[in-house]
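Enquirer: Chain by chain, the residues run as shown.
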Amino acid sequence: GENVEQHPSTLSVQEGDSAVIKCTYSDSASNYFPWYKQELGKGPQLIIDIRSNVGEKKDQRIAVTLNKTAKHFSLHITETQPEDSAVYFCAARGFGNEKLTFGTGTRLTIIP
Amino acid sequence: AAGVIQSPRHLIKEKRETATLKCYPIPRHDTVYWYQQGPGQDPQFLISFYEKMQSDKGSIPDRFSAQQFSDYHSELNMSSLELGDSALYFCASSSPGHQPYGYTFGSGTRLTVV
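Line by line, the protein sequences give chains A and B.
Per the numbering used here, the first sequence starts with residue 7, numbered consecutively.
Per the numbering used here, the second sequence starts with residue 3, numbered consecutively.
Note that these hints are calculated values from the structure, not bench results.
Glycine included, C-beta positions come from ideal geometry on N, C-alpha and C.
Wrong hints could be hidden among the right ones.
Partner residues aside, some chain A positions facing chain B, computed with beta carbon under 8 Å [unchecked claim]: (1) LYS64; (2) LYS105; (3) PHE108; (4) THR110.
Residues from chain A that keep clear of chain B, each with C-beta distances beyond 12 Å, as calculated [said to hold, decoys possible]: (5) GLY22; (6) ASP55; (7) ASN73; (8) ALA97; (9) THR107.
In silico PhoX-like cross-links for lysine-lysine, where the CA-CA straight-line distance does not exceed 25 Å [said to hold, decoys possible]: (10) B:LYS24 x A:LYS48; (11) A:LYS28 x A:LYS74; (12) A:LYS28 x A:LYS64; (13) A:LYS74 x A:LYS48; (14) A:LYS43 x B:LYS24; (15) B:LYS15 x A:LYS48; (16) B:LYS54 x B:LYS24; (17) A:LYS43 x A:LYS28; (18) A:LYS77 x A:LYS63.
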């Protein structure tokens with residue numbers, strides 16, 4: 007089955023700086039890679055996703071890059087703000103309605 | 003836009019009792035997934051249903067069962083509850099042919115077993 011590793015487990019950055027979270031996956035058949043933001047007591051919220059036919063995707067301050075050859079993908083948050091503080095999970099999934107396999111999460115803290 | 007609805011939000015049960023968690027997917031989503039998230043852990047896949055049939059099974063204990071009904075809502079039944087079952091239980095729905103694409107999670111049910 008798929009195995010997703012995520013680093014770092016905790017990350018603190020100054021407000022306004024950039025944050026980068028990295029994930030690797032094991033199953034070369036995986037072709038969908040979402041990122042979720044989870045705030046305390048809430049369900050994971052999809053913030054950005056990328057499919058395997060795309061190398062990079064950007065949405066305002068958030069970007070995701072995918073290297074299929076190396077089987078890793080990264081989340082980039084620029085101009086970080088206090089409200090970006092949360093736990094972020096990467097995930098990978100194969101074709102169709104297959105289950106998501108999550109990374110172990112990164113607790114991001116933005117220091118004002 | 004309609005989201006995934008889970009009920010109840012909080013549930014407190016005693017050991018060996020039974021609990022039923024409900025999930026109402028986004029309209030026209032035909033696939034439902036159940037995840038268990040322990041404190042400080044990543045969500046762990048339990049089970050999924052596609053068009054009312056079980057489509058995949060993860061680390062779901064034999065004490066748990068689930069089903070998807072004709073209106074696509076799903077229920078997770080948990081019997082002989084143990085202290086270790088205390089966790090957040092999330093339901094997610096998806097459908098390749100309808101937006102929003104990808105998974106959408108509900109707000110979860112926090113189960114506490116005492």
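Enquirer: If a hint holds in the structure, say so; if it doesn't, say that too.
Expert: Hints, verified against the model:
1. LYS64: This interface hint is violated because 17 Å lies over the 8 Å limit.
2. LYS105: holds (5 Å)
3. PHE108: holds (4 Å)
4. THR110: At 5 Å from the nearest chain B Cβ, THR110 of chain A passes the 8 Å test, so the hint holds.
5. GLY22: holds (28 Å)
6. ASP55: violated (5 Å)
7. ASN73: holds (20 Å)
8. ALA97: violated (8 Å)
9. THR107: violated (7 Å)
10. B:LYS24 x A:LYS48: It holds: about 16 Å lies between the C-alpha atoms, which stays within 25 Å.
11. A:LYS28 x A:LYS74: Holds: LYS28 of chain A and LYS74 of chain A sit about 14 Å apart, inside 25 Å.
12. A:LYS28 x A:LYS64: holds (16 Å)
13. A:LYS74 x A:LYS48: violated (31 Å)
14. A:LYS43 x B:LYS24: holds (23 Å)
15. B:LYS15 x A:LYS48: holds (21 Å)
16. B:LYS54 x B:LYS24: holds (15 Å)
17. A:LYS43 x A:LYS28: Holds, because 14 Å separates the two Cα atoms, which is no more than 25 Å.
18. A:LYS77 x A:LYS63: Holds - the C-alpha atoms of LYS63 of chain A and LYS77 of chain A are around 16 Å apart, at most 25 Å.
Checked against the numbered hints above, the structure violates hints 1, 6, 8, 9, 13; every other hint is satisfied.
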